[in-house]
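Novice: Sequence:
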Amino acid sequence: MIRNLGRKKPKIDPSAFVSEFAYLVGDIEIGKNSSIWPGVVLRADRFRIRIGSNCSVQENCVIHAGISDVVIGDQVTIGHGSIIHCNRIGNNVLVGMNATLNIYSEIGDLSIVGAQSLVGENFKVPPKSLVIGVPAKIKRKVNKKEIERITAAAHFYVGLSRDFKKHRL
Numbered sequence: 006m007i008r009n010l011g012r013k014k015p016k017i018d019p020s021a022f023v024s025e026f027a028y029l030v031g032d033i034e035i036g037k038n039s040s041i042w043p044g045v046v047l048r049a050d051r052f053r054i055r056i057g058s059n060c061s062v063q064e065n066c067v068i069h070a071g072i073s074d075v076v077i078g079d080q081v082t083i084g085h086g087s088i089i090h091c092n093r094i095g096n097n098v099l100v101g102m103n104a105t106l107n108i109y110s111e112i113g114d115l116s117i118v119g120a121q122s123l124v125g126e127n128f129k130v131p132p133k134s135l136v137i138g139v140p141a142k143i144k145r146k147v148n149k150k151e152i153e154r155i156t157a158a159a160h161f162y163v164g165l166s167r168d169f170k171k172h173r174l
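Quick note: the sequence shown, position 32, residue 37 per the numbering used here, numbers continuous.
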């Protein structure tokens, strides 16, 4: 379901896939080849949500721009059930399932946030970091194989979303 909120209107690239069972409201932009899966809520009622190209926001995620803009770079995979209230997610990032990115946090390029991690308020994750835990802590730099995994995940979901779009699912 895609809804305007006054003059605030979602803008979705024609190549993007948005499930009919997702709920989008307000000042939202979704880039080329990105996918928004069933049960996702994108709520840009007070500020803007910007999702780049080749991104995947998986089932039952909530992205809310209630305190600030939420800007998500290119080739970002956000795992099932995650809650996103952060300011920024850089390019080529993997956010594991059921992770929470709290207000004013930022995730640097080429980073991985582990499943079920809680990135605290105002926490700034540097580029190429692996962060895990509750609260999330920087464990180490990501390695070449993990960076390849981030890219592979983004490409996989671009292909899968094309199939879903083609079959009108």
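Be aware that one or more of the hints could be misleading.
Subject to a maximum C-alpha distance of 27 Å in a straight line, what follows is the list of computed DSSO-like cross-link-like pairs (lysine-lysine) [as the list claims (entries may be wrong)]: (1) Lys146 with Lys170; (2) Lys14 with Lys144; (3) Lys144 with Lys129; (4) Lys37 with Lys13; (5) Lys170 with Lys14; (6) Lys171 with Lys149; (7) Lys133 with Lys146; (8) Lys129 with Lys146; (9) Lys142 with Lys13; (10) Lys150 with Lys37; (11) Lys37 with Lys144; (12) Lys133 with Lys144; (13) Lys16 with Lys37; (14) Lys13 with Lys150; (15) Lys16 with Lys170; (16) Lys37 with Lys14; (17) Lys129 with Lys149; (18) Lys149 with Lys16; (19) Lys170 with Lys149; (20) Lys142 with Lys37; (21) Lys170 with Lys144; (22) Lys144 with Lys13.
Everything labelled a hint here was simulated from the structure, so no lab data went into it.
Novice: Which earlier hints can't be squared with this structure?
Specialist: Hints 1, 2, 6, 9, 11, 14, 18, 19, 20, 21 and 22 not satisfied by this model.
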